[in-house]
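Residue numbers (the numbering used here), protein chains in the order written: chain A, 113 to 367; chain B, 113 to 367; chain C, 113 to 367; chain D, 113 to 367.
To be clear, the hints were calculated from the coordinates, so they are not data collected in a lab. For clarity, every value in this text was computed on a predicted model and none was experimentally measured. Where hints are given, some of them may not hold.
Now the stretches of chain B that chain D is said to cover, found in silico as 3 or more residues with beta-carbon under 8 angstroms [claimed, not checked]:
| no. | region |
| --- | --- |
| 1 | 148 to 156 |
| 2 | 239 to 252 |
| 3 | 287 to 294 |
Straight-line Cα separation of at most 30 angstroms, DSSO-like style, residue types lysine-lysine; simulated pairs [what the hints assert, rightly or not]:
| no. | chain 1 | residue 1 | chain 2 | residue 2 |
| --- | --- | --- | --- | --- |
| 4 | A | K239 | C | K239 |
| 5 | D | K135 | D | K239 |
| 6 | D | K135 | C | K219 |
| 7 | A | K232 | B | K219 |
Computed far set for chain B versus chain A, every beta-carbon distance over 12 angstroms [to be verified]:
| no. | residue |
| --- | --- |
| 8 | D139 |
| 9 | N165 |
| 10 | L204 |
| 11 | F259 |
| 12 | Q319 |
| 13 | N328 |
| 14 | A348 |
Glycine included, C-beta positions come from ideal geometry on N, C-alpha and C.
Chain by chain, the residues:
4 protein chains.
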Amino acid sequence: MTTIRTLVWGEFRHEKKNPKVAKIYPDGMHETIAAFLRRDPSLKVSTACLDQNQHGLTAEVLDETDVLVWWGHMAHGEVADEVAERVRRRVLEGMGFIALHSAHYSKVFKGLMGTTCSLKWRESTDKERVWVIAPLHPIAAGLPSHFELPAEEMYSEPFGIPDPDELIFISWFTGGEVFRSGATWRRGNGRVFYFRPGHETYPSYHQAEVQRVITNAVHWVRATVRIPDSCPSTPALEPLPPDPDAEDRSSIAHT
Amino acid sequence: MTTIRTLVWGEFRHEKKNPKVAKIYPDGMHETIAAFLRRDPSLKVSTACLDQNQHGLTAEVLDETDVLVWWGHMAHGEVADEVAERVRRRVLEGMGFIALHSAHYSKVFKGLMGTTCSLKWRESTDKERVWVIAPLHPIAAGLPSHFELPAEEMYSEPFGIPDPDELIFISWFTGGEVFRSGATWRRGNGRVFYFRPGHETYPSYHQAEVQRVITNAVHWVRATVRIPDSCPSTPALEPLPPDPDAEDRSSIAHT
Amino acid sequence: MTTIRTLVWGEFRHEKKNPKVAKIYPDGMHETIAAFLRRDPSLKVSTACLDQNQHGLTAEVLDETDVLVWWGHMAHGEVADEVAERVRRRVLEGMGFIALHSAHYSKVFKGLMGTTCSLKWRESTDKERVWVIAPLHPIAAGLPSHFELPAEEMYSEPFGIPDPDELIFISWFTGGEVFRSGATWRRGNGRVFYFRPGHETYPSYHQAEVQRVITNAVHWVRATVRIPDSCPSTPALEPLPPDPDAEDRSSIAHT
Amino acid sequence: MTTIRTLVWGEFRHEKKNPKVAKIYPDGMHETIAAFLRRDPSLKVSTACLDQNQHGLTAEVLDETDVLVWWGHMAHGEVADEVAERVRRRVLEGMGFIALHSAHYSKVFKGLMGTTCSLKWRESTDKERVWVIAPLHPIAAGLPSHFELPAEEMYSEPFGIPDPDELIFISWFTGGEVFRSGATWRRGNGRVFYFRPGHETYPSYHQAEVQRVITNAVHWVRATVRIPDSCPSTPALEPLPPDPDAEDRSSIAHT
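Turn these sequences into a full structure, and let the hints guide you.
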């Protein structure tokens, strides 16, 4: 069994500012997530936070990361553009990326999607019922046909994402809305998974089904290759007619 | 018949620097493209260039544009980030976008795709044979099963794009390569089409089949809606249980 | 404006057996559907039924049909295999096909999908709220963000279909379920649209939004080409090395 | 490591009729394929043939099969409809299915796709160069950017398939054609992979890269669930308004 080097990144701000959140996630949401992932012996799990140097996402750290799990909400704008771009490029090389809940609006996810990633939302007393649309998908392994989060923030369509490669979950909300709550995209040589539940004021990451989904997803998006970006000129593999302009050819590289 | 307001954007640099290009496209590549589009009475065609104020892409101009056709190559880096972002947002609102040839590396196309958009290439004497993969697609209307460009720059896979929503053309090259040379993506409320042919040193935009494809594509990607981005809080449509924390709810908007 | 020759096919059995249904659709569901389609001057609309000769779907009729709208439920098994296969082949040549409600289980739709097309269901007092997932899609033109059917049969995921090419609607039901209620697939040279509402005991086809969707869909799936099936041997377009076995080549056609 | 029960099905007719084929595949093509798969210790490989009772594909055999690899060509019509349908249903329940070369025209593959699966072809001296379009895909693991088959039958677009979920390979042919030569589809709870090379008169299944692709693919399409088809009526999960017609409800099951 190959070890999957998994990094859980947390914004870690709500937990410090809001006693209600701190009570649910005393060590931070990222530590709760890391804790349940550590129960899987094939995962080697570490954590990083916004307020660390370079948000804990140096080139060296990303070099040693197979899968990055991301939770952020109130401080997306404080993530340095340079770091967000470094993460995005690392995904395109082959690192897996899991965006949780409000990470739909993170710089990394938006950069990978190319779209607004906007949605409609409501903080209230909605129940969320997550339906499994693709029971064959490894991310849905071990789940029943649907499961419920007793109270969650509501997210509603339209969700400003590119059509997913695989739509795995759709959520039903008490207040009358639906949402594509679990979906995957291949981006370059990396795999991306978005999963909706996990507002900071609800104990969603303590719930078994949510933990199962995220654990399954770490396996699904794990890096299988690492291919640095390049855009090379390449010689012909078959004979070409003579090129009268050969000397004259533009030497301008694609940049 | 609704008029489609079509703007052809050209970098217009090669034509000024390279006499060979100037001979093929004496008024600039954008004017050649605009000229054949103007033969379609349902299109109202204008042009813009890199060296104009704001590259000719002010908010006012984009407001009045249904479809933007983009050719750029040697000066992608000179397109202001602010303008590229304005164009990208306008696409997400509903403007159609057609990226031609080396525009695979334009800021707008890369921003919409979220990926590297890299490829392998060769300037030589390759023939390109474009195969129609999806004969039912309106962009392929009126084309034979395949058509040839007698000489073109070669582009080869892997092409660093997200999986297209619709793959319409695949090209064969003399030197032994293949390339997904025509593809569409929905991005937000806009439609995007990439079409490979059109290196500046070859007369590809004078060729009937290429003109047919681009004309068809303007119709295909045309705006049918315009929806500004928003991420609103929304009231419930069905009764919810009472909310003990109603007053307490975070007033932090999704930003 | 090109005329779209539209054929509405109705099973026309419930209306004869169940007075409740007959009251809602006195001339049959197909005539109600045909009537609202006829308000679009670009559509030339006719109807056919199960109990006609060859179910009204002779080769001659299909020859003159651009779009076929299908409603069936209790008598899928009475549709002759030969006729279902004729319709399927005609779709693959380029005829548009719209499957309504319980037509998810029709021979034609199942044959085009290749899958079970099964789902979960309930006849009760559910309200259905149809959410527009893809506001840019022409099938959603003119619709609000969502619309409601006051009472409908419930259909629930998992829906045994191949991943749609375009997912346009997702439905929310009072009883707690969700369903991919509007989706498209390209199949050969034809376009297919499935739309969920329309149980025979509810007046859904009298509702404006439902009529709008189906009218839009007729335009969307309309035939643009007609390409008969073939699997021909084809000569090389480029020089090949000499073939020592040329005389010896199998003359077995692909059959 | 879980054992994958893999069944290689061969038509086994060309080998008996054509000495040239018999020389390349003395024990039958299926035995050559089974032999290289057996080098993977995680696969438990058996074989079956057209001329066995029920073509070796009884319900009992399929029950014990996780992945079925299929090669057929000259005798597609001799496969009993009943057996082809049994295999198709087993795929929809979760069995993986790999269609090789001329199996594009097998009853099982055509039934799963719903389309013509037609193409253009030529038996001659073409070289085939297979390009990896999706280097991240596990089916492409361990392959270079492209590999060559020195001589193969040519298959050309348009290929009458539904858009693949994942396009992994595109082939280049000497004679000037291209073909989507490796692609996957989810169908129900099963995964399907089509791979083009393998005409009976060429030694393609003796080639390392081809063996690698097929071995990788067995792992990719392996069953992870088994879900029998059903279309049940289901009780509400949330309160519904009273149903005045409850007694009156149609008892007609969806059939």
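A quick look at each hint next to the structure:
Look at the region 148 to 156 of chain B against chain D: 0 of its residues bring a Cβ nearer than 8 angstroms to a Cβ of that chain, fewer than three, so the hint is violated. Note: the region 239 to 252 of chain B has 6 residues with beta-carbon separation from chain D under 8 angstroms; the three-residue rule is met and the coverage holds. Here's how the region 287 to 294 of chain B fares: 4 of its residues keep a CB closer than 8 angstroms to some CB of chain D, so the rule of at least three is met and the hint holds. Distance check on the hinted pair: K239 of chain A and K239 of chain C sit about 18 angstroms apart at the alpha-carbon level, within 30 angstroms; holds.
With a C-alpha separation of about 21 angstroms, the suggested pair K135 of chain D and K239 of chain D falls inside the 30 angstroms cut-off, and the hint holds. For the given pair, K135 of chain D sits about 45 angstroms from K219 of chain C by alpha-carbon distance, which is inconsistent with the 30 angstroms threshold. Our distance criterion of 30 angstroms between C-alpha atoms is met by K232 of chain A and K219 of chain B, whose separation comes to about 29 angstroms. With a minimum CB-CB distance of about 21 angstroms to chain A, D139 of chain B clears the 12 angstroms threshold, and the non-interface call stands.
Here N165 of chain B stays apart from chain A, with its beta-carbon at least about 25 angstroms from theirs, past the 12 angstroms limit. Taking the minimum C-beta to C-beta distance to chain A, about 6 angstroms, the non-interface status of L204 of chain B is violated against the 12 angstroms cut. With a least beta-carbon separation of about 19 angstroms from chain A, F259 of chain B lies farther than 12 angstroms from that chain, consistent with its non-interface assignment. No Cβ of chain A approaches the Cβ of Q319 of chain B within 12 angstroms, the least distance being about 19 angstroms, so the stated non-interface status holds.
With a least CB separation of 22 angstroms from chain A, N328 of chain B remains clear of the 12 angstroms interface cut-off, as annotated. Distance check for A348 of chain B against chain A: the nearest CB is about 3 angstroms away, which does not clear 12 angstroms, and the non-interface claim fails.
Going through the hint list in order, the structure does not satisfy hints 1, 6, 10 and 14.
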